[in-house]
Every structure is written in C-alpha cells, then in structure tokens.
Amino acid sequence: MSFGAISTAAGLSLLQTCALSVLMFTGASQFALVGVVGAGGSVWAGAATAALLGSRNALYGVRLSSLLDVRGWRRVLAAQFVIDETTAMAIARDDPRQSRFAFWVTGLTLFTLWNLGTLIGALATHSLSNPKTFGLDAAPPAAFLALLAPRLRAHEPLAIAIAAAVVAIIVLPFVPAGVPLLIVALLVTLFGVLRKPR
Amino acid sequence: MIWAGVLVASAACYGLKLAGLSLPERWLQDPRVQRTVPMIPIALLAALVATQTFSAGRHLVLDVRAAALVVAIVAVVLRAPFLVVVAVAALTAALGRLL
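These protein sequences, in sequence, are chains L and R.
Our numbering puts the first residue of the first sequence at 1, with every later residue one more than the last.
Our numbering puts the first residue of the second sequence at 199, with every later residue one more than the last.
For the record, the hints were derived by calculation from the structure and aren't laboratory data.
The structure presented is a predicted model; accordingly, all values stated were derived computationally and were not measured.
Treat the hints with caution; some may be incorrect.
[What the hints assert, rightly or not] With the C-beta cut set under 7 Å, the calculated list includes, among others, these residues of chain R facing chain L:
#: 1; residue: GLY203
#: 2; residue: VAL204
#: 3; residue: LEU219
#: 4; residue: ARG233
#: 5; residue: LEU246
#: 6; residue: ALA266
#: 7; residue: LEU267
#: 8; residue: VAL268
#: 9; residue: LEU276
A virtual CB, placed ideally from N, CA and C, is assigned to each residue, including glycine.
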C-alpha cells in the first residue's frame, strides 16, 4: 500500500504506478524510481538507480538457479519472482523440493498482495488534493530506511551506509537531483572492486 | 517521458533477474562481484534516505522530514513492521506541519 501511495504522491499516474508493481516487482527499485521523480529528479536518474538496486537480484538468481532448475517458459516466469523474500524463503529449506515449493508459493503470494496493495494505496492517494498535508513526502525516506535496516547488522555495512549518506549530501547542491545517487553507486563500486580482500 | 523511464527500468530489472538464473554460474561467482554487489543497495538506500530527507531540489533544508526520520529510526530499532515505519514517519510530518 505504501508504494502505491508514495508513487501517486510523487506524481506518477495510477497506471504507471501499477505498471511498476507488475513489471518491475522489486520493492527497493520501485521506491527509488518514484522517490527520485518525486524529489524533482529526472526519470532517467531514477531508472538508473532502480536498475543499480536491481543488480543484487542477479546474485540471488545465481544462488537459486541450481535449487530451482527451471527451464523454458518456467524460467521466464520464475525470473520475475527472484527478489529478496523468495530467495530467503527458498534457501532456508534443506530439501530442493521444499525450496522450489517455498519459492513459488512466496512468489505468487507476494506478487498478488504487492499488486493489490499498490492499487489500494494508489487509489486512496489519488483522491487526496495535497499529499504533503498527510506527511507523504516524509514516507519515502522512512521506506528506504526500513529497506536498509536489515542489511546493517555488521560494522562494514554501517560504515558504508554512513559514508554514502555523507557523500550524497555533500555533492547534492552541485549536481541535478538524482545524480548524487549515481555518484555514490560509482564510488561504492570502485571501493568494492579495488579494495584488497581481507 | 515517465512511461519510457518506467518501461526501460522495468526491463532492466527483469533482465538482471533473468541473467542471474541463466548466465553461467562462474561469471557471477567472481569474488569481486560477490563482494561489491551487496554493497550497492546499502550505499544507494542510505544515500536515498539522506537526500530525500534533507533536500528540496538542489538545496539542503532542515524541516519536519528530519523529525519524521528520527521517529522512523526509533521504529526501525524497535523492529516495527515496514508499513508501521512508513506510517509513523508520515504521521510525524503531518502533525509537525499542523503545529
């Protein structure tokens, strides 16, 4: 529901909002695209950020491919369900049959609920004249924080998060909206690739 | 214009998911890839929190959204569910504007 509300408040149409939940179906990327657009950034900066956030799903796919063993049209369908939650549910099982079952059930359930919630949230917000009165401009940062928090259970991720926030704020006055995110993505990639493994 | 961004970004996100299931495993098993890719969402989400709280366009601002973020941090530390975190932040901003 929160995605539908935030997306509509950011200025996306009802159809665009629902299209994102059906076609993109990966929460952090969806929130990032509408967040950048809502903050006055270009939709392309938002699209690039969404794609960068989606890169982790490729790694999930690698872990899932041997478990799921899907081919042909099943793989085309399964790919859309490769997200944080389905991966967590599938790899938590010991037996590949249970893994497959957990993956498909979680995927279908979440896909249905996520799209239904998006529609309800978007419809509810559509009728509001000024979403700011309801504090909806404060909703995206809270959503990003809630998505970030489970990834911060160690010192290094926390340090990366703080450094990224500081860099983004420092460059913000000098570049168009949305571009600080791309600068941060570039820097963290360089850091990850160049750093000597311990 | 928004439609083009929506469709291209959706295609890119789907392509990444499909690539993970389809590409030879060793391509993505490189230690540098395994190390770097999980860092990207951490950095981007943190940058999104910061920029969306403290900016209006290209200006840095301090307004009710900062108070909303503090409340959201408390909610996250207390392990509140996603929707609750978002709702209390929005509520804080709405109340802050009323005062």
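Worksheet item: Of the hints stated earlier, which fail here?
Response: 8, 9
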